[in-house]
Structure formats: C-alpha cells, structure tokens
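Q: Here are the chains, one letter per residue:
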Amino acid sequence: MLRFLARRAVWSAALALVATCLGYLVASAALDPLARFRGRNPPVPDSTVQSVLDAAGTNPQTPILARLLAWLSGLAQGSLGTSVRGGEVGAEIATRVTTSVQLLLVGALLGVGIGVAVGVAGAVRQHRWFDRVTTQGSFVVLATPPFVVAVLLMLAATRFNDAVGRPVIRFTGPYTVGHEGWWAQTMDRASHLLLPTLALAIVLAASFSRYQRAMTLDVLSTDLVRGARARGHTRRSALLRHGVRVALIPMSTYAVYTVGMVLTGAMVIELTFSWHGMGEYLLTAVRDGDVNAAAGTVAFTAVLVLALGLVADLVHAWLDPRVRL
Amino acid sequence: MTGRVRGRTGADDVDLRRPSARVVRRVVRDPQAWVGGVVLLLVVVWALVGPWLRPWDTTYADVTAFGVPPSPEHWFGTNDIGQDLYQQVLVGLRKSLMIGLVAGPLATLVAAVVGAVAGLVGGWVDRLLLAGVDLMLVIPSLFLLILLSPVLTRGGWPTLAVGIALLSWMVVARVVRAQTRTLRERGFVRAARFSGASTWRVVRRHVWPNLASLLVIDATVAVGAAVLAEATLSYFGLGVQVPDVSLGTLLASGSPSVATRPWLFVFPAAVLVVTVTAVSLLGSALRDGLDPGGPDA
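Protein chains in written order, with this note's numbering: chain Z, 1 to 325; chain R, 1 to 297.
Be careful, since some hints might not be right.
Listed next, the stretches of chain R that the computed footprint assigns to chain Z, with coverage defined by at least 3 CB atoms under 8 Å from CB atoms of chain Z [unchecked claim]: (1) 195-203; (2) 275-288.
Label pairs and their computed distance ranges (CB to CB) [claimed, not checked]: (3) Z:Trp129 / R:Val242: 44 to 54 Å; (4) Z:Ser73 / R:Thr182: 38 to 48 Å; (5) R:Val216 / Z:Gln126: 22 to 32 Å; (6) R:Val274 / Z:Gly87: 23 to 33 Å; (7) R:Thr182 / Z:Val97: 34 to 44 Å; (8) Z:Val97 / R:Gly132: 20 to 30 Å; (9) Z:Arg85 / R:Asp80: 42 to 52 Å; (10) R:Asp288 / Z:Ala117: 16 to 26 Å; (11) R:Ser257 / Z:Leu319: 47 to 57 Å; (12) R:Val274 / Z:Ser73: 47 to 57 Å; (13) R:Val242 / Z:Ser221: 17 to 27 Å; (14) R:Val151 / Z:Val311: 44 to 54 Å; (15) R:Phe194 / Z:Gln77: 34 to 44 Å; (16) Z:Leu69 / R:Thr159: 24 to 34 Å.
Calculated directly from the structure, the hints in this document are not laboratory data. Ideal Cβ positions, reconstructed from N, Cα and C, are used throughout, including at glycine.
Start from the sequences, fold in the hints, and give me the full structure.
A: Take a look at the structure:
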C-alpha cells in the first residue's frame, strides 16, 4: 500500500514538473509580450520595452531555455514571477483561489453526490421511469455547454426577481458592496453563491450520473450482490456495501481526467458569473500576453490536478483491497 | 461491418458475423437511435437548405426592424443591427457542424493510431506514449485551448478545429490501448505478427477492423464534444473570430441582452442543444447495441 502510494507520488511529482515546464514553453510560444506596447501613442521607446521585458524575464530576445531556467530558479525560491499588471503572480493566484474554492467546493460536492446517487438509483431500477427520465435529462444537460446553463439560470432568476418585485437572487460577482454587519454580508454572499453553485452542481451531476449508472450496471450483472444477499445481507446493505463500493472503483482510475473536468466546468461557470477567480486570471493573462501569469496558472492547475489525483488514489486503495497489496 | 470484412481478419472471428448482425438489429430497434438519427438528419438538411426557405440574406440588414422579437417576417427575430437571426443561426450552425465534423473524426484518428500502436508494440514505446497521454491529461484541455487561442485563431476555423482535435483524444487512446492489448494475444494477430507483417499493417488490417464499432461510436461522440468546445471558446471570444459566425459567437453576442431580448440567446442555444443531444443519443444507441450484456432484440 505504502509502496503503491509512494510510486504514485513520485510519478505525479515528475509529471507535475514536466507539465509545468511545458506549460511555460507553450505560454512563451503562444503569447506575445510585445503586443501591449504596439500601437501606443506616443510610441514606447525600445529601451523601455526591453528593460520592462527583461525585468519580467519575458524578453523574446533572450533564448527560450535561458528564460525557462530563470523562471524555474524563481519557482524553486517560491516565486512565480511578476505580472504585467504589477504584483506577484503567486500572491494574485492565492487571492483568486480563495474566490474559486468558495464556488468549487460546495458545487462540486453537491454535483458529485447527486450524480452518484442518481446513477445508482437509475441502475437499480433500470428501464423504469426514474431511470428513463434521468437518463434523457442527463443527455440534454450534457449537450448544453455549462455557460448556457449559467445564462439560462440568470434569465430565470431575473424573471423571478421581476415577479417578486425586488432582487432576491443576485448573481453578478461574489458579493454586493455596501452591506453592513455580519448577517447581512453572509446572506448577501449566500445569495450570490446560489446560482453558480446550482449551475456547477447540475452540470457535474449530469455527467457523474452517467458514469455511475454504467458502472453500477456492470457490478449488478456480476454475482457480487447476489452473493451478499445469499449471505443474509438486506437488499439495501448488499447494494451499498457490495454494489456501490465496487462500482466506485473504476471512477478513480480516471481521477485525473475527472478532476480536470470539474475544474473546467467550474472555470467556465465562474467566468460566466463574472467572479474574479482563476478562470478570469487565465483569460486576462492570455489577452494581455502575460507569460508569467499564464504559466503560473497552468503550473498551479497541474499541481492541483495531480494532488487531487493522489487523493483519489488514496480513496481507491481504501475502496479496493487489491490495491493495498 | 459486413461479414466479408470480418471473415478476412482470421479464424477467431468466424462467429462475429452473427453478433454484428445482432448489433445492427438492436440499433435499428432502439428508439434512441431513431430519435437521434432523424433529428440529426433534419438538422443537417436544415443547415444545407434552410437559407432558401426564407427571403433574407445573411448580410442584409432590415433597417425597419432593429432588435424585433420573433415574427412572421423574421422567424427568430432580428439583432440590434437588423440582421435576420434565422439566417445568422443557419450560418453559425454550418460553421459549428464543420468544426465538429473535422475535429471529431480527427481526434478519434489520433486516438486510434496512438492507442493501437502503444497496445500492439508494448515495451518502451507503450510506456512513452502512455506517459505522453498522462502528461496531456494533467492540464485540462480547455486551459490549453485558451492558452493556445492566440495561435489557433490566427488560421481561422480550420486551425481551431485541428487544435480542438489534438487536445481531446487522450482518454479514448487509453481505451483503444487496453482493447488492443487483449487483441494482441489473439491467434490472428499473433499469426500476422509472426509471419512478418509490419506494425502498421497489423494495426490497419487487424486491430482497427476489430475496434471499428468502438471507433465509430467515439467519432460520433467526439463530434458533439468538439461542437461544445468550439461554442465555449467562442463564447469567451477565443474561438471563431469576426467576420466568421458560429453558434458560439452568436451565444456570445446574445448573452448580454438575454434579459431584454432573450431570442438572441435562446434560439442559437436551442439549436446547439438539439444538435448535440441528437448526436449523443445516436452514440448512446450504438453503444447499447454493441454491449453484449444489453437486452437482446
């Protein structure tokens, strides 16, 4: 068990390092740090441009490998470099992550929980009305891009607010400025969280219910559940302990991919609701030609995905005794 | 998937003729397949002939109707500069479908090549390709698409389609690899390899024909995924660029005024959702038909 986890950890660390380097190289190749100096009136003197780019370490005239090494040595000292908008990339990411996590945590847990429950319930009652409704419903949701779900929720909330006569559900940004007192501020934040959380939960529940349904069906067709029933388990206990538990295992094999899917969904929804989270940071970095900010975001994402992948490995080992050997 | 193709792949597959007929029979009897197939056909036909059903031209701006709701003159309403939204949606649908039809099969092709070669050759080639797949899964593909968008948009929609394809083949490549590894031990593949057939020949003549159904299903599903990826990128202004129009760009321009002029958002959204739902229903019916544990028809 420990050897398995140690091997996974070393492999993940290696992947994180390579992915970070590749992320920096891709950012340097795709983004143009000179773009924001062009077309200025009066023109920016070349010496100024050069010194600004040199200070940020993003001067295209420096060989790419030298830039990568300088960036990596900064990273080793705990710095992701400076952004073109001023300030440390690392500090900016730290602020934005707290914003993103607010949305991600509740929405993801809710979505995965509902998805797994719906998937199991559908598989147990295969081809009955509940299964049919949730299956067709998930097809429609999965065919809808997350931002469309978000905009439609906003449209519904606008109609609801109009009908009530005052803005009960607020959905622009994480909070409204000007609320006094702890209670008012908390309620305001909760009101702002409602729609993004709902949007993320709907999107994730749809895809997780599909996976979970397919995997539960696979398990139900084996003799595991029947064996447990024969040993005297009740139907519910046999399903939960020997059906669902086994059905969760294949899901953790694609953990890295799944984590990526959750992050992507969250990023799109966060952007649609104009939260100042990680998604917006990446988008503005690309628009500004901000190599350091973009590379920092990619590096952070890679580490996050792999760390959560390791957590999934732990869960996998806990669910599946064969892994622990 | 005729008996003749199957028969050529070797003695092991003699029995596969009947199952493949059963697959076809199951798919044909599956209402999902009918709904998905018919709706998709209607969407494609509409995309092709739709412009001639209405008098308006895509470039024509009706100066007597700025931002009017759906009406007998303008079925889907008009936008702020008087363009007929029905025609705009059709132009966007064509572009979105083209991107999907280029990117989906291309992604499956890459997955089929990488997965089959890795599974068949094994050894360090397998480990290297698998490590590459793992590496590309570390950073979610939408992040990479956003990062690469300045480069991808420079070449118009074809480069965008290729970019989407090159960032969405990894999971399927793993599935193909796993399937190929089981095929590798079968008699006809071993015989072909020991009699000196090149890897490429074995992949084309023996691996791909046996994975044909899997690959067809995946290509179908990948079309839908690519259409969604395009819409998301374009919504954030990083995909299809002016003057080109796609469903994504229409959604982007329609969303700010969704509360006051909902038709500008709702019609492109509905067309997008109906199209992708039809594609995934079809993919799902094909998969159910292939599942040996599924209900027999």
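Q: Of the hints given before, which are not true for this structure?
A: 1, 6, 9, 13, 14, 15
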